[in-house]
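Undergrad: Here the protein sequences come in this chain order: A and B.
Quick note on numbering: numbering that gives the first Met the number 0 labels position 108 of the first sequence as 107, and the sequence is numbered without any gaps.
Quick note on numbering: numbering that gives the first Met the number 0 labels position 9 of the second sequence as 8, and the sequence is numbered without any gaps.
Since the hints were derived computationally from the structure, they do not count as laboratory data.
Everything numeric in this text was worked out from a predicted model, so none of it was measured.
Fair warning: there could be bad hints in the mix.
Covered stretches of chain B, going by a simulated chain A footprint (3 or more residues, C-beta under 8 angstroms) [claimed, not checked]:
{"id": "1", "stretch": "24-33"}
{"id": "2", "stretch": "39-52"}
{"id": "3", "stretch": "76-90"}
{"id": "4", "stretch": "94-103"}
{"id": "5", "stretch": "126-136"}
Stretches of chain A that chain B covers, calculated by requiring three or more beta carbons in the stretch to come under 8 angstroms of a beta carbon on chain B [what the hints assert, rightly or not]:
{"id": "6", "stretch": "4-11"}
{"id": "7", "stretch": "40-49"}
{"id": "8", "stretch": "73-85"}
{"id": "9", "stretch": "101-107"}
{"id": "10", "stretch": "116-126"}
Ideal Cβ placement from N, Cα and C applies to all residues, glycine included.
2 protein chains.
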Amino acid sequence: MSNLRFSVNGESNSTTQFVAKARHFKLVVDEPEELGGADEAANPVEYILAGLAGCINVVGHLVAKELGFVISKLNIDISGEINPDKLLGISNHERAGFQSIQINLNPETEADIVTLSQWLKIVEDRCPVKDNLRNETPVRLSVEKVYS
Amino acid sequence: MSNLRFSVNGESNSTTQFVAKARHFKLVVDEPEELGGADEAANPVEYILAGLAGCINVVGHLVAKELGFVISKLNIDISGEINPDKLLGISNHERAGFQSIQINLNPETEADIVTLSQWLKIVEDRCPVKDNLRNETPVRLSVEKVYS
Chain A
0 MSNLRFSVNG ESNSTTQFVA KARHFKLVVD EPEELGGADE AANPVEYILA
50 GLAGCINVVG HLVAKELGFV ISKLNIDISG EINPDKLLGI SNHERAGFQS
100 IQINLNPETE ADIVTLSQWL KIVEDRCPVK DNLRNETPVR LSVEKVYS
Chain B
0 MSNLRFSVNG ESNSTTQFVA KARHFKLVVD EPEELGGADE AANPVEYILA
50 GLAGCINVVG HLVAKELGFV ISKLNIDISG EINPDKLLGI SNHERAGFQS
100 IQINLNPETE ADIVTLSQWL KIVEDRCPVK DNLRNETPVR LSVEKVYS
């Protein structure tokens, strides 16, 4: 198939709040008060974890169907730790982002655990968001000044 | 500073819709109709782009303050392309996720373009989400069957 293009655009509402549009959807990002925000929405890294969970859900149901079983409900827990020193400009000893991400999947299904282990390997391999987090992805930034 | 832990948990509402909770925020992820969903929310990869934009906004204002200028408004456009063949199990020729991500920043500010170029390099370096996408991040998955 040919490539699919996805895009988001938006603008800052404050130093921590960003209002993004993805097609006809509005996505508001903020920071909790302890990180200087107004805590009016989930923060950027929570968006990443939610996107990863949503991606695993889609691929999980797709692969289950291919393997011949149904998942009636899929619970997903995702977590990760970040050291804020680099973000805050305090030091460069730690990386800026998540040091690692842990995901636990709890499917309600008639499939046995051997089948579920096989399923998990395929889901991991085919999940777009997991690929972008696990492996390197070129990210190109440019800046153009706006004269108001 | 010590590490900050972030987590999201939730469950599937359909084969494409996932309802996640991040602290007291509800984040709904879905797919457009052409990808088999009900199109009731942004899709997983749009969440990733929105999280990346939100992160750049936070770090952008922080670094501007350090460099001694103010950004009164920051517009951000982000886009990327995905080939869906691996996700759909059609072929393994292309990677599953975004092949690359392009970000264009349009700040309203009195800073000149030389200062903004310097600003951009620091923002890139310190943005947690950009780090996780640009570089490898360990992602560990486990599965545990739920008996309903």
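Undergrad: Please verify the coverage claim for the stretch 101-107 of chain A: does it have three or more residues whose C-beta sits within 8 angstroms of some C-beta in chain B?
TA: Satisfied; 7 residues make the cut.
Undergrad: Three residues minimum, CB to CB under 8 angstroms: does the stretch 116-126 of chain A make the cut for coverage by chain B? Let me know.
TA: holds (count 8)
Undergrad: Three residues or more, CB to CB closer than 8 angstroms: is that satisfied between the stretch 73-85 of chain A and chain B?
TA: holds (count 13)
Undergrad: Residue count check for the stretch 94-103 of chain B against chain A: does it reach three with CB-CB under 8 angstroms?
TA: Coverage by chain A holds here, the residue count being 10 at a Cβ distance below 8 angstroms.
Undergrad: Mind checking, does the stretch 39-52 of chain B have 3 or more residues with a CB under 8 angstroms from chain A?
TA: Three-residue rule met by the stretch 39-52 of chain B, so holds; n is 13.
Undergrad: Please verify the coverage claim for the stretch 76-90 of chain B: does it have three or more residues whose C-beta sits within 8 angstroms of some C-beta in chain A?
TA: Answer holds; 14 residues pass the 8 angstroms Cβ test.
Undergrad: Given as covered by chain B, does the stretch 4-11 of chain A meet the bar of three residues or more with CB within less than 8 angstroms?
TA: holds (count 8)
Undergrad: So is the stretch 24-33 of chain B in contact with chain A by the C-beta rule, three or more residues under 8 angstroms, or is the coverage claim wrong?
TA: Three-residue rule met by the stretch 24-33 of chain B, so holds; n is 6.
Undergrad: Examine the stretch 126-136 of chain B: at least three residues should have C-beta closer than 8 angstroms to a C-beta of chain A.
TA: holds (count 11)
Undergrad: Taking 8 angstroms as the Cβ threshold, is the statement that the stretch 40-49 of chain A is covered by chain B upheld or broken by the three-residue rule?
TA: That given contact holds, which follows from 10 residues of the stretch 40-49 of chain A lying within Cβ reach (below 8 angstroms) of chain B.
The structure is consistent with each of the numbered hints, conforming to all of them.
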